[in-house]
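Colleague: Spelled out, the chains give:
2 protein chains.
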Amino acid sequence: MDILKTNPAEIEVGVVGIGLMGSSIIVSLLASGHRVKAVAPIPADFADAGNKIKDQLNNCLHVGLLKNSVSYYFNRLEISTNYSCLANCALVMECVIEDIDIKSQVYKKITDVVPATTIIASNTSAIAITILQQLVSVPERFIGVHFAEPAYATRFMEITCGEHTDAKYAEWVFALAHHWGKEPTLLRKDIRGFITNRLMYAVYREIFHLVDSGKTTMEDADKAFRYSVGSWITLMGLFRRMDYTGLEDYAEIFKNLFPKLSNADHVPHIMEKIVEDNGRGIQNLKGLYPYTDKEAKEWERAFEAFNEDIFRLAALYPDNVAEKERILI
Amino acid sequence: MDILKTNPAEIEVGVVGIGLMGSSIIVSLLASGHRVKAVAPIPADFADAGNKIKDQLNNCLHVGLLKNSVSYYFNRLEISTNYSCLANCALVMECVIEDIDIKSQVYKKITDVVPATTIIASNTSAIAITILQQLVSVPERFIGVHFAEPAYATRFMEITCGEHTDAKYAEWVFALAHHWGKEPTLLRKDIRGFITNRLMYAVYREIFHLVDSGKTTMEDADKAFRYSVGSWITLMGLFRRMDYTGLEDYAEIFKNLFPKLSNADHVPHIMEKIVEDNGRGIQNLKGLYPYTDKEAKEWERAFEAFNEDIFRLAALYPDNVAEKERILI
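Residue numbers (our numbering), protein chains in the order written: chain L, 1 to 329; chain H, 330 to 658.
Worth flagging that the hints you see were computed from the coordinates, not collected in a lab. Remember, it's a predicted structure, so these values are computed and weren't measured experimentally. Glycine included, C-beta positions come from ideal geometry on N, C-alpha and C. Be aware that a few hints might be false.
[Claimed, not checked] Simulated DEER-style distance windows between Cβ atoms:
hint, chain 1, residue 1, chain 2, residue 2, range
1, H, E407, L, R280, 56 to 62 angstroms
2, H, I460, L, A126, 43 to 49 angstroms
3, H, E633, L, E10, 55 to 61 angstroms
4, L, R280, H, Q612, 52 to 58 angstroms
5, H, S433, L, P259, 23 to 29 angstroms
6, L, D112, H, D622, 56 to 62 angstroms
[Claimed, not checked] Derived pair list, reagent style DMTMM-like, types lysine to aspartate or glutamate, alpha-carbon separation capped at 20 angstroms:
hint, chain 1, residue 1, chain 2, residue 2
7, H, K584, L, E300
8, L, K286, H, E581
9, L, K255, H, E341
10, H, K438, H, E341
[As the list claims (entries may be wrong)] What the simulated footprint calls covered on chain H by chain L, stretch by stretch (three residues with Cβ under 8 angstroms from a Cβ of chain L suffice, anywhere in the stretch; the number is not a length):
hint, segment
11, 337 to 350
12, 398 to 405
13, 417 to 428
14, 440 to 451
15, 461 to 467
16, 526 to 532
17, 607 to 618
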């Protein structure tokens, strides 16, 4: 099989790991028309997986992402605890926890059953692809494919090459990602932290500095960011925004402001305290903000609803506003 | 008149400067029920102002922000080239260009006609309030009130004290801003660059570094930011997002990534080139991206439509998701 010439719809895709991300990735692949073989290395995930995936397929139906019935898609999925089900997969997505030893064992089990032509992808957002690809037998076919959660209702995707990845496979996945309804970015160099993470961590560094030094509060910073950046980011991105606002004052402000921004290289005080307290935010009701059990659940519901809303809204505004023919997948 | 005890709806508000921001601020104030006295220091703005404001009031009507007819609100506005119309205003908003000499002349003309009890506010986003307040006779009543564009259909507002501002007036404007349907933040210390600007410039510093060093492209960075941050920012803000995602990996990533982020203190190469070329983005079709005249117009139309959409969407998700009773103003 020459994977580069295969019709995307005919590709069987494997997924290893059926946690939060793994299950929504499975749903995204099913909704895109693939047959999916899913391996659950954790028994608890295996028991739970069927119902979880049916629920998410129902969400897809609700958002208008499915052409056929939920059962049509569900029947194209095989869930197993046995890696041998991956034998015919042209692409296998690894979605297990960010632990290099566990990932290493998983890659060994995958490569034991798939042909050398199979592309192996990791959904990691924390470990460099160049490091992970040293753990597989065909590193040039190893690649980073980073989804956002929930994978079936977000368009974000970062495709990242490691040092030894052959670009033609990255480009193949890039094309396939469009078939999945994504708006992928292709990072040809494996930089620490990927693009989006680096941008966000630059913001975190500055905002922790402003809060730690008493210049603003978490509440105000959150509010300001929601109502300022929130009012244009989904339409424009960063560079387009500068063009839109006329570019005039930026250079002058860069010159004045860059030397005043935080260059901190240490973990902020507030975050150190959270780690000491074993805070897990809404998960254990110990976060940067306080939560009752009811409030934590309300945030989960609100995000589910908001994500649907912004997904639909973003679909009305494609990359190039001139491409009016583009519609919700 | 004790301004702090006045019923917000009865306050007459003055606006000086009827450019892009000034006119949408006038519309925001009218839509909130104030009588408005507007001074147009530039004759061309004066000629144009009436029609521009009627158009924007029609936009407000379309978004559902008006309880009465467009003409009801328009009739509560007086536009003049003469500062004496400001005599009874409890609050005067200065919205002229970011030039300290021009602002100084404007403040002189305002303070010549208003009583010492009037609060004077600047919509500046570039000059420190502590500097501007030295130009007025009652600095404790001078304050920064920074709207986003278009002021009538955005909830963002940064209220900033200068070193000599009396906090009680800032708190009064803060309360008034809620009456305007804003989600204001109150910055008690006058820091260089305000909150939102500092956060965004931290992102700009990093993203120019990544693009300048060939690690990604403008197109990919824009795409990644739109579809990642865009999928949650309007709901959550930055700190809430960390709580939502469980907080677990942040401290570790801070430790690893902060030392690798850009600490540049100079204007990025790409931006220097734009300044040399006198690029003004979509305004003169010379930007970071290329534009035809048609494309520039399409971006303007798209932003107008998107802003309406995201404004309505954000209204469904107030600050605290538990406050279900809150609705579109």
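Colleague: The structure should be examined with respect to each hint, and the outcome stated for every one.
Modeller: Against the structure, the hints come out as follows:
{"no.": "1", "hint": "H:E407 with L:R280: 56 to 62 angstroms", "in the structure": "57 angstroms, holds"}
{"no.": "2", "hint": "H:I460 with L:A126: 43 to 49 angstroms", "in the structure": "44 angstroms, holds"}
{"no.": "3", "hint": "H:E633 with L:E10: 55 to 61 angstroms", "in the structure": "43 angstroms, violated"}
{"no.": "4", "hint": "L:R280 with H:Q612: 52 to 58 angstroms", "in the structure": "47 angstroms, violated"}
{"no.": "5", "hint": "H:S433 with L:P259: 23 to 29 angstroms", "in the structure": "27 angstroms, holds"}
{"no.": "6", "hint": "L:D112 with H:D622: 56 to 62 angstroms", "in the structure": "60 angstroms, holds"}
{"no.": "7", "hint": "H:K584 with L:E300", "in the structure": "28 angstroms, violated"}
{"no.": "8", "hint": "L:K286 with H:E581", "in the structure": "18 angstroms, holds"}
{"no.": "9", "hint": "L:K255 with H:E341", "in the structure": "39 angstroms, violated"}
{"no.": "10", "hint": "H:K438 with H:E341", "in the structure": "18 angstroms, holds"}
{"no.": "11", "hint": "337 to 350", "in the structure": "violated (count 0)"}
{"no.": "12", "hint": "398 to 405", "in the structure": "violated (count 0)"}
{"no.": "13", "hint": "417 to 428", "in the structure": "violated (count 1)"}
{"no.": "14", "hint": "440 to 451", "in the structure": "violated (count 0)"}
{"no.": "15", "hint": "461 to 467", "in the structure": "violated (count 0)"}
{"no.": "16", "hint": "526 to 532", "in the structure": "holds (count 7)"}
{"no.": "17", "hint": "607 to 618", "in the structure": "holds (count 8)"}
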